[in-house]
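Novice: Chains P, L and Y: place on chain G using the hints.
Protein chains: 4
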Amino acid sequence: MTKVGIIGATGYTGLELLRCLLYHPKAEVTIATSRQFAGQKVAVLFPFLKGYQDLTLSPLDLETVAKQTEVVFTALPHQVAMEVVSFFIKKGKKVIDLSADFRLKDPGVYETWYGPHKAKELLPLAIYGLPEIYSEKIRGATLVANPGCYPTTAILALAPFLSKGVIELNNIIIDAKSGVSGAGRGAKLATHFCEVNENMEAYKVCNHRHTPEIEQELTQLAGKVVKVTFVPHLIPISRGMFTTVYARLIKTITSETAHRLMTDYYKNKPFIEVLPPENVPKTIYVRGTNICQLGVKVDKKSSTIVIMAAIDNLAKGASTQAIQNMNLMLHFPEEMGLKTLPVFP
Amino acid sequence: MTKVGIIGATGYTGLELLRCLLYHPKAEVTIATSRQFAGQKVAVLFPFLKGYQDLTLSPLDLETVAKQTEVVFTALPHQVAMEVVSFFIKKGKKVIDLSADFRLKDPGVYETWYGPHKAKELLPLAIYGLPEIYSEKIRGATLVANPGCYPTTAILALAPFLSKGVIELNNIIIDAKSGVSGAGRGAKLATHFCEVNENMEAYKVCNHRHTPEIEQELTQLAGKVVKVTFVPHLIPISRGMFTTVYARLIKTITSETAHRLMTDYYKNKPFIEVLPPENVPKTIYVRGTNICQLGVKVDKKSSTIVIMAAIDNLAKGASTQAIQNMNLMLHFPEEMGLKTLPVFP
Amino acid sequence: MTKVGIIGATGYTGLELLRCLLYHPKAEVTIATSRQFAGQKVAVLFPFLKGYQDLTLSPLDLETVAKQTEVVFTALPHQVAMEVVSFFIKKGKKVIDLSADFRLKDPGVYETWYGPHKAKELLPLAIYGLPEIYSEKIRGATLVANPGCYPTTAILALAPFLSKGVIELNNIIIDAKSGVSGAGRGAKLATHFCEVNENMEAYKVCNHRHTPEIEQELTQLAGKVVKVTFVPHLIPISRGMFTTVYARLIKTITSETAHRLMTDYYKNKPFIEVLPPENVPKTIYVRGTNICQLGVKVDKKSSTIVIMAAIDNLAKGASTQAIQNMNLMLHFPEEMGLKTLPVFP
Amino acid sequence: MTKVGIIGATGYTGLELLRCLLYHPKAEVTIATSRQFAGQKVAVLFPFLKGYQDLTLSPLDLETVAKQTEVVFTALPHQVAMEVVSFFIKKGKKVIDLSADFRLKDPGVYETWYGPHKAKELLPLAIYGLPEIYSEKIRGATLVANPGCYPTTAILALAPFLSKGVIELNNIIIDAKSGVSGAGRGAKLATHFCEVNENMEAYKVCNHRHTPEIEQELTQLAGKVVKVTFVPHLIPISRGMFTTVYARLIKTITSETAHRLMTDYYKNKPFIEVLPPENVPKTIYVRGTNICQLGVKVDKKSSTIVIMAAIDNLAKGASTQAIQNMNLMLHFPEEMGLKTLPVFP
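Residue numbers (full-length UniProt numbering), protein chains in the order written: chain G, 1 to 345; chain P, 1 to 345; chain L, 1 to 345; chain Y, 1 to 345.
Chain G on its own, in the form it takes in the complex (with noise of 0.2 Å):
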């Protein structure tokens, strides 16, 4: 079994890792860290994960989960997570980094966004997880920069249209629904139950902090500069993701063809899901899961191309990917552990 550890384990990214490694065939979490309940045991705290009967949650002290440890998952806030990755990556350990703090490649946008970076040696050596498309690097990182949950699923929209050159690269729109958890659990105003239950509204509008993520993506994806209107609402359930993305295909193409070129494009991906272009993803078929459904339509009097993308923003948007990483970094099989089915209803 490969050792495991959880660099911030009480969030809801943490937890998720927690609840889907406890039954990974290879790989065992031998350390969790938490600053607000160390010294607790999981199983006590977190009735559900009773599993981890002899975990307790420990400080965040590095030497000690270094030696513990093979692969370390750093659940922590962006900025905190940098200097505990760069020693983790100096004591020679695979990370996988679920902040935002190596996904950007340029540290001048990176510091536009989110403040000083104090690690920019590293980001060489980053690779973006998105193991649709860059399986390959993965396999061979030390470091995997884990995507945000809206860059996910845009990206994964547009990949195939970006790459087979059929849409205009200056007029994309990102409407983007989220589900609440994707705003952490730290107690806030802004997610109690009673502001959020039975409302929708838009938050940071063509200002959000995945913007410049999903245009470096896209502009790699295309091989020229990509820019994007991107708007996330915030919808109340616990956990879904939903985004539809509107592009202006330079030649109109039927939605059937859109599928096929889609189909194409994920062929032997296990966790795409393209759909039929009479249907639609939902956002309750996928959750708790590493899938990601997407759905395809063209307006054909306004040459414009839908598509759309339901994932689980904590599962596929954030801890799930990053055991699919984990599984690629390790030269396990993709989907192991991670071959769960939803819930329904």
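Simulated from the structure, these hints should not be mistaken for laboratory data.
Heads up, a few of these hints could be off.
[As the list claims (entries may be wrong)] Below, a list of computed lysine-lysine pairs in the PhoX-like style, where the Cα atoms sit at most 25 Å apart:
{"#": "1", "chain 1": "G", "residue 1": "K301", "chain 2": "P", "residue 2": "K204"}
{"#": "2", "chain 1": "Y", "residue 1": "K339", "chain 2": "G", "residue 2": "K26"}
{"#": "3", "chain 1": "L", "residue 1": "K90", "chain 2": "L", "residue 2": "K120"}
[To be verified] With the Cβ distance kept under 10 Å, some of the chain G side facing chain P (calculated, not the full set):
{"#": "4", "residue": "Y134"}
{"#": "5", "residue": "I172"}
{"#": "6", "residue": "F193"}
{"#": "7", "residue": "E195"}
{"#": "8", "residue": "V196"}
{"#": "9", "residue": "N197"}
{"#": "10", "residue": "E198"}
{"#": "11", "residue": "P236"}
{"#": "12", "residue": "S238"}
{"#": "13", "residue": "F242"}
{"#": "14", "residue": "T244"}
{"#": "15", "residue": "Y246"}
{"#": "16", "residue": "Y285"}
{"#": "17", "residue": "D299"}
{"#": "18", "residue": "S302"}
{"#": "19", "residue": "F344"}
These figures come from a predicted structure and were not determined experimentally.
Backbone N, C-alpha and C define an ideal beta-carbon position, used for all residues, glycine too.
Specialist: Same frame as chain G, now just chains P, L and Y:
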């Protein structure tokens, strides 16, 4: 007191009419019909409407309704409404029709989307009941076609910019999110609690019946043909609609300019709240009211304007807008009976 | 217009007072305080309260409040309220206190559950503000202790049967279910959307602070000591409380007799709706209103009477009941400003 | 692999059987029937079940099912199930019936609550499928009557105390709260999202069909006639059941003693989690699993014991319990295929 009839009183829009008319200072519901519940007392069937102590639901007998009313609200399915409306117009009644039957000027377009039209002769008479734009015509109308919920948001969002000619006409994206009550009160698998709860999905992608209605009105405002890409989504809340509109600016303006343009356009419109550029509409702030909250932001790097509109789909999107139309038709103050606050939270 | 002050205006009960007083025909909010938001305009901070165009939140300066008001609502945490209330009483103001500080007649009991009492001298003055039972005393009161939400339901459910002496006093079970707004607006993990949504749980089992309040009032009604088993539960809705009370009948009666007894007891009480035996209360029928719906059923085989009460915990369970008390204290009609309908659905 | 058939595979309990059997190591679904959807592929109709690539829904042809299966799950409405069950028993199949048709030993009681019984001869054969109590009998059974969801919680809560004789038998209150999926997947106004959402209500007060089932089993455990007062409530969550049971102690014991008694009773029962006295069950901790969480507290002043049980109504309350029964009947390990964690949050 003006005598008012409600045809189809036990669907959600009919119930909302009953709720909002109970304390109207100058209108009184004298008859309410229901095929399914005829013979039952409103106050027994719907205890929250106990103010209607003497109102018993009637079967739909047109002559009886005509005798007892001056104004009729028809809250019937499309195709069913047209003949009923026709009868009352001939009887000299003022009619506010909440169906789609008289919204489309071109019977050919109607027949493409809804089926045969049996009252075409009334189409020239029908006024599109969006009071923020057509208040003068509504004041003189005998037949008002009350707008659909999606068109209400899309048109109110775009009107200031189309009428000023600042946006491109062939590149408008309307991404709309609706609460479940928009699907009506009939029992369907699609509105089963467990199928909707904790889920998000799109439906009728680029193929929703409100598309031609939106395009007709935007074309009217622009003075030139407008085509839109319209994608509605279903969100697990009971009431509320949040529509995000994306359009290309012909010449870049700032968010502040866009905001001012919008504020000017809706000056003295009591039910429109244009929010300052740093704020964003919330459906929870308009629930149960006739208010439409609007917000606007310009994404400079792509010259894209993002306009957001939040309404209550059953209120401003249907029944309170119908009462606003009635107020205008009867030369009552526009806000009469409609100055209510949302229940928050 | 009577000048009214709200101390603690930005919690949920304070906001509900603002909402319900805006259109009160004889009362006007002249000052509203908030530690957190002092200096900000109500209409900006809470756009749904835009009717308060000129009201800016004040810091809590007691003298200033005293100068500008005749009646004061104190919506402060227990322990904090008592000194503020004391000040206003000395200044000759009428006070409706929404905290627990003046509900318990016996300061020893108060101190067991809440902490030291620093205004014991006012306890004899304080009238328990349940208007359906104490309306005469409230009319003459200067200090009203507004009841807790759970006690409101439990007492209204049991009063008819305790006052008629038909139930055993040592065998009363109160199983109450509350919406989340009862926990207040402060940000806590316990009210985080994702921790509450799709969950049910009990809390403070047999140990909730409302227990002595319930027992005090039931004892008063019975004329003998009453002890209850009280278990509150948290339910994922924003507003609403559904309380199911179980008691042993001394002599079996039919559901119809129980219903008649209840109907008689609440004759002419405008905010009580006793439902026919075949019906059951629903919280959705009382949301946002001052109504308490009651239902009753006798389980003959065990001589157990089941009484159900549904209220809106923020309205009849707090703020609209406080306004009902104000109406009585000021000799206004009891229903003034409170004749509202729930928004359904 | 044991060949398994599911009769009635497209209701919620049938779907849950499909979900939980997909990865069962020793059982394989070879046929699944559906009146409504016969001829359609499971993986197309329910994309989250795409693992069933080759399974097409069949019409209910009894002979065909018999040929292709060794074990049959009948997930049919009561009254419909009995004849189907009868057929398969005659064919020598092992049957787990999820309907109520074989739960009540006394056909007279059955007929009072459900209608005529046409397979009375099988009643002596049928074993009540609550494995924590009847595991030995289930191991030898050919026909298992899978318990109702409410009875599962009520019996598991009370069994330790009834079997030890510490509570009074004529004074048991069962206040149960259920999620909406318990009402089935059929489209009804009562399960319409907007009628359920933001609402709580009781239903079938003292008159629910699960009452005789609960009383039969409690009587069995106590060795004397037990009668209960049972009130179910509907709560706006998709899955989950929280039952609060109140009983009178014959002799007062402490919460700790009660807890120990419960812990002892359920020693080595893998799906029962008895929580420490300071903790309380949560439905969110058992969602999608076969776990029953139990908590207990004694209210000393009234010698009342409060027992709380939380399950997933579709899982331990129906389908995973049915699989647990299958495991026992086929002498597989009891937990086989059922060691899953809830998706949290």
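Novice: Hint by hint, note whether the structure agrees.
Specialist: Comparing the hints with the structure gives:
1. G:K301 <-> P:K204: Measuring from Cα to Cα gives roughly 16 Å; hence the hint holds.
2. Y:K339 <-> G:K26: Distance ~17 Å between Y:K339 and G:K26 Cα, so the pair holds.
3. L:K90 <-> L:K120: 14 Å, holds
4. Y134: With a minimum Cβ separation of about 26 Å from chain P (threshold 10 Å), the hint on G:Y134 is violated.
5. I172: Result: holds, 8 Å to nearest chain P Cβ.
6. F193: 8 Å, holds
7. E195: 6 Å, holds
8. V196: 9 Å, holds
9. N197: 7 Å, holds
10. E198: This hint holds: G:E198 lies near chain P, its Cβ roughly 5 Å from the closest one there, short of 10 Å.
11. P236: Holds. Min distance 6 Å.
12. S238: 7 Å, holds
13. F242: Interface hint status for G:F242: holds (4 Å vs cutoff 10 Å).
14. T244: Because about 6 Å separates G:T244 from the closest Cβ in chain P, which is inside the 10 Å limit, the hint holds.
15. Y246: OK, holds: G:Y246 within 10 Å of chain P, min 5 Å.
16. Y285: 8 Å, holds
17. D299: 4 Å, holds
18. S302: 5 Å, holds
19. F344: This interface hint holds because 9 Å falls under the 10 Å limit.
In the structure shown, a violation is registered for the earlier hint numbered 4 alone.
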